[in-house]
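Take a look at the letters that make up each chain.
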Amino acid sequence: MTDPAPLRSHSVDDFVRAYENDRRLRGFRCGRCGATTATWGLACSRCGEAALEEAQLPENGRVIAGTIVAVASEEFVNEAPYAYVVVELEGGARVSGWMPGVRSEDEIAPGTRVRFQPSYKPGVQFARWNASGDDTGR
Amino acid sequence: MRETWVVGAASTRYGKLGESAREAATRVALEAIRDAGLGPKDVGHTFVANCFGLTEHQGHLGPLVNNGLGVPEVPSVSVESACSSSSAALHEAFVHVAGGFEDVALVVGVERLGHLDTLAATGYFAYAADYPFEARNGATFPGLYATLANAYRAEYRTTPEMLGAVAVKNHANAARNPKAHFQKEISMETYLGSPVVAAPLRLYDCCPFSDGASAVVVAAREAIRAPPNEPLVVRASVRAGAVTALQDRRDLVGLPSSRLAAEKAFRQAKLTPAQIDFLEVHDCFTIAELMALEDLGFYPRGTAGRAALDGATARDGKLPVNPSGGLKAKGHPVSATGAGQVVEIFEQFNGRAGKRAVPRTGTALAHNVGATGGSCSIHIFARR
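So the protein sequences, as listed, match chains A and B. Residues in the first sequence are numbered from 1 upward in steps of one, following the working numbering. Residues in the second sequence are numbered from 1 upward in steps of one, following the working numbering.
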């Protein structure tokens with residue numbers, strides 16, 4: 001295992017600021033196994049390699065699994081019901097996010113195309129999206 | 001490694017505690033020590049499990065329990081592993097006793113959430129997930145298990161009645177358990193008519209927020225001359241971990257830490273699933289019981305729901321699962337839950353389970369999960 005790469009910005013807050021303020025999804029790519037992740041760490045959670053490269057993650061992906069949250073926590077209580085989804089982005093990194101206004105499980109069936117949608121609300125947000133580029137969310 | 005036994009056990013009723021976590025923990029600890037035919041001065045080390053004590057403005061619970069027992073000089077440590085905190089504490093006690101560092105160790109798990117409203121409690125539960133990468137993105141604890149349920153449903157046909165069968169069974173068992181939070185049976189109609197919390201999970205798929213305290217006393221066989229109860233011989237005490245955030249798991253069907261812990265536990269116990277008479281498994285949500293039975297190797301993937309519907313996992317079925325009522329209906333006082341599972345097994349082994357007694361009590365397994373599987377404990381017990 002090599003020493004951690006000297007990453008310029010390397011904090012959980014940097015990840016959060018990226019998607020909440022800078023309108024981009026930040027991640028890491030493992031220098032050994034190539035796995036990409038949207039979760040902060042000092043080493044790859046797949047293979048243990050410490051040489052991680054910062055990566056800007058693609059905005060488009062597909063739903064792996066999700067749910068419609070009816071009973072929310074305090075931060076989201078005014079948003080319920082909404083969808084919570086685990087999304088596989090193009091290139092393989094997975095990120096979780098929420099989809100305001102989505103109230104039916106049919107709208108988040110596995111394989112549904114979604115796109116990262118920055119907004120003033122907290123957290124990573126996705127919206128449904130079809131191949132022709134039209135936003136079909138809400 | 002020395003042969004290690006569970007020699008005493010006690011639990012409060014789960015539900016609402018009419019006293020602080022500190023008082024309840026001390027009371028059940030004394031009861032468990034006396035149940036073992038011992039006194040507080042026999043305890044070499046106390047392992048306390050508690051997650052949410054700070055909401056009661058009290059941390060560092062171990063010395064307070066020992067002070068209350070009249071043995072302030074006994075060392076203690078607090079163990080936190082979310083919903084698997086007291087099984088983690090039991091594992092630490094096992095390591096100390098089996099390793100020869102102590103002859104007798106006390107394990108006490110306690111949680112009090114009743115002073116918090118549902119909104120606040122939902123928030124605290126979400127802190128056991130990967131907060132910035134899951135809860136901040138909208139996940140709740142039921143939402144994460146609902147996501148796992150939908151990943152499971154995408155692979156294996158799962159009807160609402162299969163999940164409902166787990167809820168109906170565990171309520172039926174809890175109705176026979178005077179220490180259970182919910183002592184009432186529910187019908188499939190009641191289950192199906194309950195409101196959705198996080199699709200597909202309904203209210204009756206979810207464990208309640210419970211208060212409660214449970215304690216067990218662990219001792220080296222050679223330190224106990226004439227145990228007043230039939231001891232549980234610890235045949236396996238193992239822990240496993242897994243990546244916490246669901247987004248970083250390759251596979252969302254089942255829990256990887258359950259599979260890893262089961263593999264280690266059966267190897268350590270030199271037993272197979274077919275040799276286990278009954279189980280207490282981590283059913284924080286009905287889907288979790290189905291995943292556990294498959295992860296632990298008791299049923300092939302995709303078949304545990306059918307088994308629940310067919311009554312195979314009922315108290316008098318082929319493989320009784322959660323005769324106590326489980327987290328689902330006995331209740332889930334987070335840090336007491338793992339020790340509480342062992343209290344149930346102790347009572348079953350000692351003929352103290354009354355109307356919920358299972359037919360065979362030669363061997364048993366306890367499976368306890370931390371949150372969505374970042375941690376997992378498995379203990380396997382047998383008779384002398």
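Bear in mind the hints are in silico, worked out from the structure with no lab data behind them. Some hints here could point you the wrong way.
As the list claims (entries may be wrong) - Footprint (simulated), chain B over chain A, 3 or more residues, beta carbon under 8 angstroms:
1) 22-29
2) 55-62
3) 66-73
4) 79-86
5) 114-122
To be verified - Derived DEER-like restraints, expressed as beta-carbon distance ranges:
6) A:R46 to B:Y156: 20 to 30 angstroms
7) B:L119 to A:S104: 16 to 26 angstroms
8) A:N130 to B:L119: 52 to 62 angstroms
9) B:E3 to A:E53: 45 to 55 angstroms
Claimed, not checked - Sample of chain A residues with no beta-carbon within 10 angstroms of chain B, all distances over it, derived:
10) H10
11) L42
12) S45
13) A50
14) F76
15) G101
16) E105
17) P110
18) R128
Cβ coordinates follow ideal geometry from the N, Cα and C atoms, glycine included.
Cross-check of the supplied hints:
1. A stretch counts as covered by a chain when three or more of its residues have a beta carbon under 8 angstroms from one of that chain; for the stretch 22-29 of chain A and chain B the count is 0, and the coverage is violated.
2. Evaluation of the coverage hint for the stretch 55-62 of chain A: breached, as 0 residues show C-beta separations to chain B shorter than 8 angstroms, against a requirement of three.
3. With 8 residues having a beta carbon nearer than 8 angstroms to a beta carbon of chain B, the stretch 66-73 of chain A meets the requirement of three or more and the stated coverage holds.
4. Evaluation of the coverage hint for the stretch 79-86 of chain A: fulfilled, as 5 residues show C-beta separations to chain B shorter than 8 angstroms, against a requirement of three.
5. Counting residues of the stretch 114-122 of chain A whose C-beta lies closer than 8 angstroms to any C-beta of chain B gives 1; at least three are required, and the coverage claim is violated.
6. For the hinted restraint 20 to 30 angstroms between R46 (chain A) and Y156 (chain B), the CB-CB distance of approximately 26 angstroms keeps it satisfied.
7. Between L119 (chain B) and S104 (chain A) the CB atoms are about 25 angstroms apart, so this pair conforms to the stated range of 16 to 26 angstroms.
8. Here the CB-CB span from N130 (chain A) to L119 (chain B) is close to 36 angstroms, at odds with the stated 52 to 62 angstroms.
9. At roughly 51 angstroms, the beta carbons of E3 (chain B) and E53 (chain A) sit within the given window of 45 to 55 angstroms.
10. The beta carbon of H10 (chain A) is kept farther than 10 angstroms from every beta carbon of chain B, the shortest such distance being approximately 14 angstroms.
11. Interface exclusion of L42 (chain A) from chain B stands, the closest Cβ pair being 14 angstroms apart, more than 10 angstroms.
12. Remark: the non-interface label on S45 (chain A) conflicts with the geometry, its nearest Cβ contact in chain B lying 5 angstroms away (cut-off 10 angstroms).
13. The claim that A50 (chain A) is not at the interface with chain B holds, since no C-beta of that chain comes within 10 angstroms of its own (minimum 16 angstroms).
14. Distance check for F76 (chain A) against chain B: the nearest CB is about 5 angstroms away, which does not clear 10 angstroms, and the non-interface claim fails.
15. With a least beta-carbon separation of about 12 angstroms from chain B, G101 (chain A) lies farther than 10 angstroms from that chain, consistent with its non-interface assignment.
16. E105 (chain A), annotated as away from the interface, has a beta carbon of chain B within 10 angstroms; the closest lies near 5 angstroms.
17. Its closest Cβ contact with chain B, about 5 angstroms, brings P110 (chain A) to no more than 10 angstroms, contrary to its assignment away from the interface.
18. Its beta-carbon lying about 16 angstroms from the closest one in chain B, R128 (chain A) satisfies the requirement of being farther than 10 angstroms from that chain.
This entry does not satisfy hints 1, 2, 5, 8, 12, 14, 16 and 17, going by the numbered hints stated previously.
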